[in-house]
Amino acid sequence: MRKNKVFRQSKWFFGLLVVLMLSLFGVAFAQQVELTFLTRFRSEEFGREVYNFIAEGFSKKYPEVKISYIDTTYDQELQEILLRAQGGTPPDLADPVPSWLAPLVEANLLEAVENYVPNDHLANFTAAALEDATFNGSIYGIPMWSGPICLFMNKDLAKQAGYGLEGPSDIFEFEEMIAKISSLGGTEEGQKIYGFALRNVKLPNTALWFMPWLWGWGGKVADIYNKPVFDSMGSRKALEFYQRLTNEGFSAKGQDAYSTRITFSQGRAGFVFDGSWLKGMLRTMTGDPSIDDLYVTCPVPKGWDGTNWSITNYSSLVVLSGSQHKKEAFDFVKYFTSDEEVIKILYEKMGMMPAHLKMLEASWCQDKFLDAFKVQNFYVKGGILKHAKSPGVEDIIASAVTQAVDGVAVDSIVKNAQKELEDLLLD
Amino acid sequence: MLDKIDTLDSKKNKKGKIKNVQLSDNTVNFLFLVPGLIIIIGILLFPLIDAIRVSFTDLSLFGMTGKFVGFKNYISIFTSKAYQTVLFNTLVISCVSVALEFVIGLGLAILLNRKFRASSFIRGLIIIPWLVPFVVVGVLWKWMLDTDIGIVNYLLTSLKLISTSLPWISNSLLSKISVILAFAWTGTPFITIVMLAGLQSIPQEIGEAAAIDGAGRFAVFRFITLPYLYSLIAIVILLSIVYIFQNFAVIYMLTGGGPGNTTEILSLHVYNTAFHSGQLGRACAIGVTWMLLSLVFSVLYVRFTIKEES
Chain A
1 MRKNKVFRQS
11 KWFFGLLVVL
21 MLSLFGVAFA
31 QQVELTFLTR
41 FRSEEFGREV
51 YNFIAEGFSK
61 KYPEVKISYI
71 DTTYDQELQE
81 ILLRAQGGTP
91 PDLADPVPSW
101 LAPLVEANLL
111 EAVENYVPND
121 HLANFTAAAL
131 EDATFNGSIY
141 GIPMWSGPIC
151 LFMNKDLAKQ
161 AGYGLEGPSD
171 IFEFEEMIAK
181 ISSLGGTEEG
191 QKIYGFALRN
201 VKLPNTALWF
211 MPWLWGWGGK
221 VADIYNKPVF
231 DSMGSRKALE
241 FYQRLTNEGF
251 SAKGQDAYST
261 RITFSQGRAG
271 FVFDGSWLKG
281 MLRTMTGDPS
291 IDDLYVTCPV
301 PKGWDGTNWS
311 ITNYSSLVVL
321 SGSQHKKEAF
331 DFVKYFTSDE
341 EVIKILYEKM
351 GMMPAHLKML
361 EASWCQDKFL
371 DAFKVQNFYV
381 KGGILKHAKS
391 PGVEDIIASA
401 VTQAVDGVAV
411 DSIVKNAQKE
421 LEDLLLD
Chain B
1 MLDKIDTLDS
11 KKNKKGKIKN
21 VQLSDNTVNF
31 LFLVPGLIII
41 IGILLFPLID
51 AIRVSFTDLS
61 LFGMTGKFVG
71 FKNYISIFTS
81 KAYQTVLFNT
91 LVISCVSVAL
101 EFVIGLGLAI
111 LLNRKFRASS
121 FIRGLIIIPW
131 LVPFVVVGVL
141 WKWMLDTDIG
151 IVNYLLTSLK
161 LISTSLPWIS
171 NSLLSKISVI
181 LAFAWTGTPF
191 ITIVMLAGLQ
201 SIPQEIGEAA
211 AIDGAGRFAV
221 FRFITLPYLY
231 SLIAIVILLS
241 IVYIFQNFAV
251 IYMLTGGGPG
261 NTTEILSLHV
271 YNTAFHSGQL
281 GRACAIGVTW
291 MLLSLVFSVL
301 YVRFTIKEES
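If you read the protein sequences in the order shown, they are chains A and B. What the first sequence shows, in this note's numbering, is residues 1 to 427, in sequence order. What the second sequence shows, in this note's numbering, is residues 1 to 310, in sequence order.
In isolation and in its complexed conformation, chain A is listed as follows:
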């Protein structure tokens, strides 16, 4: 009887102890801040690995904060940020491209960084990178990496066509090289070789990739007052350039980002136009690190006026104004954009060139592969237009490109696009 009584009392004691421990555990969890990060970069396996590493590293440094990712795609990210934020459940963090910043700022959805990020942190980034995220004198995002687009050139095909490894110096030589590489015919398996794997389907990304060629031929979408000036000789020349490449068979019709990368990875394209992240993607696609030996990188060839502008195309890490944990979110922003281990793994695993100026000088960042991007980094302009309706502008430009590829008269394409831009921007 006595033993039973002791046993019952012990049972109660240990039960209470377990409940107390669980409560403390629960309280600890309740006090842990959870930051939600909406991102498109975990769609690839190597992206998931890197981002999970970053989240773990941050949680070690800030144990009271946990990062939860919300995965999305490039095509959906802007709409998802807008709808989640306006629906009252904004993510704390997101990584929009430059052309999406204007609509988000217009909708008052982004938090300015100045109250949370000191000036000495901002001084680590190029003026162009910060300028793209600056609206009405306030900065709304910190660049996660540099994203200038350059040419990847297949070394073997260039040699077979009788060229060295320097890459084309100007746009005329570029077109000659494309034509000569295309004339090499086909591979041993009977598949066609293209001079240039060119994106030309109706997607916003097609419009963005068109911009360096538009600038190279002397055209632009709008002036400094955002008044459309697409109806110009430069626009006609750029669209004719796309029309020639696709109608002559130098570039395959109907290719998007993914199919251009596949064609290049198969060694069937002389050139592809992409960012430094293509290095990581080619390795993942082929499963073969020796794919690095297939190509060299070259800056954008000089245009009519001797300049060679590319797009900045970096992603900015932003904090949404509806976030309930802004301080913690900006701690993550500072960590992501300045911690050497983070920036190093982003480069080594994903091929993302650092935007942090000091990291560009680090010993692990002296790969010859990056030389072209480092040079190009000083000749970059922002997205298509710094305007809230820039996604609509991208639609119009992408539509114009696809019509050119379809063989429609360039004059009528340009006039129609100009009218549509005026209706959209001047309404």
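Take the hints with a grain of salt, since some may be wrong.
EDC-like, lysine to aspartate or glutamate: derived pairs with alpha carbons at most 20 Å apart [as the list claims (entries may be wrong)]:
{"no.": "1", "chain 1": "A", "residue 1": "Lys302", "chain 2": "A", "residue 2": "Asp411"}
{"no.": "2", "chain 1": "B", "residue 1": "Lys81", "chain 2": "A", "residue 2": "Asp411"}
{"no.": "3", "chain 1": "A", "residue 1": "Lys386", "chain 2": "A", "residue 2": "Asp223"}
{"no.": "4", "chain 1": "A", "residue 1": "Lys374", "chain 2": "A", "residue 2": "Asp411"}
{"no.": "5", "chain 1": "B", "residue 1": "Lys72", "chain 2": "A", "residue 2": "Asp423"}
{"no.": "6", "chain 1": "B", "residue 1": "Lys67", "chain 2": "A", "residue 2": "Asp423"}
{"no.": "7", "chain 1": "A", "residue 1": "Lys220", "chain 2": "A", "residue 2": "Glu44"}
{"no.": "8", "chain 1": "B", "residue 1": "Lys72", "chain 2": "B", "residue 2": "Asp58"}
{"no.": "9", "chain 1": "B", "residue 1": "Lys81", "chain 2": "A", "residue 2": "Glu175"}
{"no.": "10", "chain 1": "A", "residue 1": "Lys334", "chain 2": "A", "residue 2": "Glu34"}
{"no.": "11", "chain 1": "A", "residue 1": "Lys419", "chain 2": "A", "residue 2": "Glu175"}
{"no.": "12", "chain 1": "A", "residue 1": "Lys386", "chain 2": "A", "residue 2": "Glu422"}
{"no.": "13", "chain 1": "B", "residue 1": "Lys81", "chain 2": "A", "residue 2": "Glu114"}
{"no.": "14", "chain 1": "A", "residue 1": "Lys237", "chain 2": "A", "residue 2": "Asp305"}
{"no.": "15", "chain 1": "A", "residue 1": "Lys368", "chain 2": "A", "residue 2": "Glu131"}
{"no.": "16", "chain 1": "A", "residue 1": "Lys155", "chain 2": "A", "residue 2": "Glu176"}
{"no.": "17", "chain 1": "A", "residue 1": "Lys334", "chain 2": "A", "residue 2": "Glu114"}
{"no.": "18", "chain 1": "B", "residue 1": "Lys67", "chain 2": "A", "residue 2": "Glu106"}
{"no.": "19", "chain 1": "A", "residue 1": "Lys344", "chain 2": "A", "residue 2": "Glu56"}
{"no.": "20", "chain 1": "A", "residue 1": "Lys237", "chain 2": "A", "residue 2": "Asp170"}
{"no.": "21", "chain 1": "A", "residue 1": "Lys155", "chain 2": "A", "residue 2": "Asp288"}
{"no.": "22", "chain 1": "B", "residue 1": "Lys176", "chain 2": "A", "residue 2": "Asp256"}
{"no.": "23", "chain 1": "A", "residue 1": "Lys302", "chain 2": "A", "residue 2": "Asp256"}
{"no.": "24", "chain 1": "B", "residue 1": "Lys160", "chain 2": "A", "residue 2": "Glu189"}
{"no.": "25", "chain 1": "B", "residue 1": "Lys81", "chain 2": "A", "residue 2": "Asp223"}
{"no.": "26", "chain 1": "B", "residue 1": "Lys72", "chain 2": "A", "residue 2": "Glu422"}
{"no.": "27", "chain 1": "A", "residue 1": "Lys344", "chain 2": "A", "residue 2": "Glu44"}
{"no.": "28", "chain 1": "A", "residue 1": "Lys155", "chain 2": "A", "residue 2": "Glu175"}
{"no.": "29", "chain 1": "A", "residue 1": "Lys386", "chain 2": "A", "residue 2": "Asp423"}
{"no.": "30", "chain 1": "A", "residue 1": "Lys227", "chain 2": "A", "residue 2": "Glu34"}
Going by beta-carbon spacing under 8 Å, a handful of chain A positions derived as facing chain B [unchecked claim]:
{"no.": "31", "residue": "Gln79"}
{"no.": "32", "residue": "Lys202"}
{"no.": "33", "residue": "Leu203"}
{"no.": "34", "residue": "Ala257"}
{"no.": "35", "residue": "Ser259"}
{"no.": "36", "residue": "Gly287"}
{"no.": "37", "residue": "Pro289"}
{"no.": "38", "residue": "Lys334"}
{"no.": "39", "residue": "Leu424"}
Note that these hints are calculated values from the structure, not bench results. Heads up, the beta-carbon is just placed ideally off N, CA and C, and yes, glycines get one too.
Using the hints provided, position chain B relative to the given structure of chain A.
Below, chain B without anything else, positioned relative to chain A:
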């Protein structure tokens, strides 16, 4: 049992506290419908009325503020060349797709109406395209029709039917054909199954009697089978047209509405106007016209259904 109920009623009446409420059948039926009606009003009717309201404003996605502008959005879209093109695309793509679905679907139904080995297995196989999600249909056809590595071009060039690969999604005519093929592929099983059910409901004796009287197969099909199926054909065609009207995913994934806007239909046009151009008011106006167009087909469907029932 009845006695007990009578006693109970009597007790209630004597106390005068609880009255015996007799509800009519119509009232009871209506009460059962109330939960469904609440859901319909909440999920369908309220957003619909709000969308009509927004169509008379210049509400922007980025500012979420809009002022009343009257019929400006409607005038703008009806005078817009882009809208006219999109409307034309919607009608052409829907009608041609459904015509193709019907011809193939009816043909398959006639074949499957005969008894042969593995007919049940083949019926099961035919349903598969209908079960595939629209997003997958779009991606699948996009890869099959790829100019460079698509299997369709590979087969056509291997069989020497064409000398060079065709730009299925980059040419304005071929892209329309691509979209129509994708819609027909996914919609044919529905028509096949419905037509098969219709064929199986036709009394066999009538056909046999006609054959005895000397009618050939085509005459039997034309004068006996088809008249039996008229109402069913009308219903299935109307439903198929409405399904294509609602479809967004196939075109979004396959062509994005391109090249230019040659394959852009109303559903995609609303999406682009709302989420790319940020013009919510204008998008709602387009949506209202889309709804009215769908309503025409829906009214026809209801009329045929009532006629069929009567």
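Is it true that the CA of Lys160 (chain B) sits at most 20 Å from the CA of Glu189 (chain A)? holds, 18 Å
Sort out whether Asp256 (chain A) lies within 20 Å of Lys302 (chain A), counting only the CA atoms. violated, 25 Å
When you check the alpha-carbon spacing of Lys72 (chain B) and Asp58 (chain B), does it fall within 20 Å? Status holds; Cα separation ~9 Å.
Would you check the hint for Lys302 (chain A) and Asp411 (chain A), treating anything up to 20 Å between C-alpha atoms as holding? Cα-Cα ~25 Å, so violated.
Restraint check for Lys237 (chain A) with Asp305 (chain A), where alpha carbons must lie at most 20 Å apart: Distance ~13 Å between Lys237 (chain A) and Asp305 (chain A) Cα, so the pair holds.
Please work out if Lys155 (chain A) and Asp288 (chain A) have their alpha carbons no farther apart than 20 Å. holds, 17 Å
Pairwise hint evaluation, Glu34 (chain A) against Lys227 (chain A), where the allowed Cα distance is 20 Å at most: With a Cα-Cα distance of about 43 Å, the restraint between Lys227 (chain A) and Glu34 (chain A) is violated, given a limit of 20 Å.
With a cut-off of 8 Å on the beta carbons, see whether Ala257 (chain A) makes it to chain B. violated, 13 Å
Measure nothing beyond the straight line between the CA atoms of Lys344 (chain A) and Glu56 (chain A); if it is 20 Å or shorter, mark the hint as holding. With Cα atoms ~15 Å apart, Lys344 (chain A) and Glu56 (chain A) stay inside 20 Å; holds.
Taking 20 Å as the top limit, are the C-alpha atoms of Lys176 (chain B) and Asp256 (chain A) close enough? Distance ~19 Å between Lys176 (chain B) and Asp256 (chain A) Cα, so the pair holds.
If you draw a straight line from the CA of Lys67 (chain B) to the CA of Glu106 (chain A), is it 20 Å or shorter? holds, 17 Å
Can the restraint linking Lys386 (chain A) and Asp423 (chain A) be considered satisfied, given a maximum Cα separation of 20 Å? This hinted pair holds, its Cα atoms lying about 17 Å apart.
Violated hints, listed in ascending order, are 1, 4, 7, 9, 11, 13, 15, 23, 25, 30, 34, 36, 37 and 38; each of the other numbered hints is respected by the structure.
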